[in-house]
Every structure is written in C-alpha cells, then in structure tokens.
Amino acid sequence: MKACGRVFKYGDNVDTDVIIPARYLNSSDPGELAAHCMEDIDKEFIHKVQKGDLIVADKNFGCGSSREHAPIAIKAAGVSCVIAETFARIFYRNAINIGLPIIECPKAAQSIEEGDQVEVDFDSGVITNKTKQETYQGQAFPEFMQKIIAAEGLVNYINNSVTD
Amino acid sequence: MGMTMTQKILAAHAGLDSVSAGQLIEADLDLVLGNDITSPVAIHEMDKMKTKGVFHKDKIALVMDHFVPNKDIKSAQHCKCVREFAAKHEITNYFDVGEMGIEHALLPEQGLVVAGDVIIGADSHTCTYGALGAFSTGVGSTDMAAGMATGKSWFKVPSAIKFQLVGKPSKWVSGKDVILHIIGMIGVDGALYKSMEFVGEGIRHLSMDDRFTIANMAIEAGGKNGIFPVDDLARAYMKEHSKREFTVYEADEDAEYEETYTIDLSQLKPTVAFPHLPENTRTIDEAGEIAIHQVVIGSCTNGRLEDLKTAAEILRGKKVAKGVRCIVIPATQRIYLDAMELGLIRDFIEAGAIVSTPTCGPCLGGYMGILAEGERCVSTTNRNFVGRMGHVDSEIYLASPAVAAASALTGTLSGPKM
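Going down the list, the sequences are from chains U and W. Just so we're aligned, residue 189 is where the first sequence starts under the numbering used here, counting upward by one. Just so we're aligned, residue 42 is where the second sequence starts under the numbering used here, counting upward by one.
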C-alpha cells in the first residue's frame, strides 16, 4: 500500500479544535465535517486539498480533545496520510481505528516543506520526497494496521475477521 | 522491578502478576463513558458490528452535557440518538437534562467511579478520576464502541513521571494553580503517553476538588492519566458518594519513573495560562495589564462546589465591572442546589453574574458564551487554543476561580487581594 500526493505543512501542537472546531460538532457526518477541516488554522486548506494529498506537521499533532471527528474530517477531506514528529496519544489511536494512515518520522517532519510531492510506502515505512529527491525512514505499518486501513477502520476489520 | 500505581491497576485488570512500561495488554473495564458529542459516533460504529448488544448495562455511563439543553436541531438529533440507544439497551446510568451534570464532576459525585477502577471515556478529560486512585483515560468513539460491546480495551502500559508535592499552598493557591504550574514547567507534550503520578506530604493540603482539577488537566500535558494515592480524604469521599467496594493500589518502593519533579506548594502563586496554549503560563504578578470582556467560572475542571465558594467569597457584596460578562456554571444539579442553599447563587446574581444550568457549552465554543473577534476571556476551563471559545481572533486566559472572580470585578486580568 502506498500514499502519494502534495503536502500541506503545519507546525507544533496542531490541536483538534483547529482540525475541526467544536461549533461543527453538532454533526457527525464525515462530508460535513470535512467541509470545515483545518478551518481555524488554514482557511484555504479545504479549497486546495485534493484526494491523496498529505499533511506533515511537527510535534504533538492532534493534541486536545478526544473527538474522533478530527481524523474523520481529515480522512473525508481526501488526505491519504499524516506524517508528524509526534502525535498526541488519543489522536493516534483514533486515526488507526478509523483507518487514517499516520506515521511518526522526525526527519521527514523537519525536511518536508509545503507543496512537496511525497510518497509513503506503508510496507517498508520509507517516505520519499520526490520534490527534494530525499528519502526518510519511518516505521513500517504492521500487517494488522494495514488491514485496518484497508478495511477502512477497526470495526470493519473486526467484522471481517469474525467468521459467521 | 517494581510497578507504579497505574501499572498495578492495569496488571490486575489484565489478569497479570506484573506488567512493565511499553507492554501491550488487554484489560477489563469497570466503566465506559460517552457524552452527547462522542456517543452518536460510537453508536454508529456499534451498529456496524456483527456482535450486537452491550457488555453490561450498569457499566456504561452516557451523559448529555456538551450541548444541552440542546442548542440547535442537530444537537437535539444527537441526544435523541443516544436517548434511544440507552432505552433500547436499558442503560442504567443514562443522564439527561434534569439529572445530568458535566460528566467528570457527575460520575464521582454519583459514586460510579472508585479507587482501583479501569475506566475509558470518549472525552479527553476522563483522566479526572485519577483523583480517587482509579486508572482512567480518554479515548475516541470507536474505542468507546468496542468497550461498550466487549467490556475490554487494549492499552500500551505507560511509563510514568513522579510529581513530589511538598509544603502547604497559600490561601488563594488552588489545584488549578498547581496543574498550570506543572504544565508550564513540562509543556503540553511533557507527559506524552505517560502517567503523571502525584505523591508527597503536600497532597494532604489539597481538597478532593483540588485533586479532581489537577488530574483533570493531565491531558493538557499530553498525559495518558494522572493519579493520586488513596488517603483518608479520598476514602471518606468514596464512602460518602458510592456504595461500591474499592481497591487501593500503591506504587512499589522500587517503581521506575522516567523523571521526578519536586514542587513546593508553599512557593506557588496564582498562575495564568496565556493564549494560545496551556503551557504559556505566568504568575499573576507577571501578568501585566490585560483588559477583559468575559469571565467563565465552571467546567469539568473548575465547576465544583469549592470553586463556586471561592468565587462567591470574592464576588460577594461587590459588582462585576461594567463591560464584563460573568458566567457561572455549577457543574452538576447537586452542586447547583448546594450552592443555592449556601446562598452562593444570590451572591453571584447580586454581583451581576449569570448562573446557568450545568453544561460544557462555552468551554469548547459550543454556546452560552461565545467570544467575538478581539474579545478576551478569563476562564476556569482547560484549553485556550485558537478559536476554542469562539472567533479565531479571540483570546482565553486560563486561571483559577479566585483569579477569574477577581478579574470579573476589575475588568482586567487580576489576582485576588492577598
């Protein structure tokens, strides 16, 4: 499995309130949430993002609230992978559970810039910056995690592994 | 090697003699919590599962607290969805308007959480119950759904940071000042993935309400949980509020901590987190002249009776400054009633504050106190991120009830008179 696209780059401590402000949490519809994704940090994001694009950020991405609406909004906006130096723990768990690929890689977070074309190979964990012609070694996705992503979330994955 | 208090609780719930940091375990859950924002997503996930039904109708708590009484049609639909789910599965601990309170004040008050428990909640401030010596942590809606269905959840056993509290805090220094000081010291990811274990003789000077506030904000340092040892005060609280048996776990003497900090409570001053991160702390004497437009006293962090008593002590017989809106929100119906019987509600209203039914409303910019462009708010809540309480160009200053009340009187960020 691979993700490939253009990068939107952010800094430290991107919190779940800017990923999806609470004023939109009266909805849990992925499409409605995606329409406001990153609104309070980058008003242009939702107008520019294309299917397959990536988000790259520095440390503690997804800090704050436990709202699963945050990774849901990012995924529904078409983002194929989030790379960060570190992730806040609840966001990390939520992203995996809903099938949004995320990968911790400090070197990639430091080197990749806004607009770079980047490819992530989930099997090897290798992140390729096509714009800068650099590669960074992230952690490979374990098989079960790739299956969760392929199934688009933990619940489908569990259902698939239950034999009727 | 010895275990921390958190590790002992997790080991016991995983049926293991011992665990160590980094180990992946599956633990039995004593309670699974959700609210009106996170539960609908969890219910939707449960609907997709082949296994139907909940693991235990008494061990799930559903609290309608974020957008109730409902602020609009969509939030009403969300509550309706949870209400119907609770009825269908005969959930014992479903709390709707009239019985509800802000979840993390309500659950301890109702005796639903006690020492030794493992609790997950689809709300990041679920870490509050560490004040009673429980392991509790925030999760997302999918984990909540899996927890409701199976009564189990997987965890990576956390390492820990020890905070050795010594000394006695001065009159206007509260649990809020202690935890803001700590977050200022270690940063918003200073305890990422870790337990924050609070120990030391200084704890005996902290009330239960102080401890709830401290454990509540462990997540603002990135912590997995915050936890206190169980002393006589915690035992008395649980005996008063709960019929449940509880189990007291103590850290081993040779438990391993990644770091240890010693904090002399007697040296702390009222502390404020400036925009836009809880780690941007200054003591009140370094705050400078900040004109404000709104004050919020409430939330799962600081809406308990002691918080209201402190605020009323400062506001009593005085007037909120012209141009400042002061919003007081008792965290539960019980706290509201107690505050009324003590005359605190009269104090607030006569001072020119308003008193609301329990709700999370303004803390997360939901309703009941949204900020306009350029407005500043002193708030006893827990987050001051960009746009958290309203417009992206508004500002939140996180502080104790004493600082919030004092600021309401002056119209500027102010400390209580010493």
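Among the clues, some could well be false.
Okay, derived cross-link-like pairs now, SDA-like style, lysine to any residue, Cα gap no bigger than 20 Å in a straight line [what the hints assert, rightly or not]:
id, chain 1, residue 1, chain 2, residue 2
1, U, Lys-335, W, Trp-195
2, W, Lys-91, U, Glu-340
3, W, Lys-89, U, Gly-303
4, W, Lys-89, U, Lys-295
5, U, Lys-295, U, Gly-313
No wet-lab data here; the hints were simulated from the structure.
The hints, checked one at a time:
Distance restraint check for Lys-335(U) and Trp-195(W): the Cα-Cα separation of roughly 18 Å lies within the 20 Å cut-off, and the hinted pair is therefore satisfied. About 16 Å separates the Cα atoms of Lys-91(W) and Glu-340(U), which keeps this hinted pair within 20 Å; it holds. Of the pairs offered as hints, the one joining Lys-89(W) and Gly-303(U) is violated, with about 37 Å between alpha carbons and a cut-off of 20 Å exceeded. For the hint linking Lys-89(W) to Lys-295(U), the alpha-carbon distance of about 39 Å lies beyond 20 Å, and the restraint is violated.
Our distance criterion of 20 Å between C-alpha atoms is met by Lys-295(U) and Gly-313(U), whose separation comes to about 13 Å.
Hint violations for this structure: numbers 3, 4, all remaining hints satisfied.
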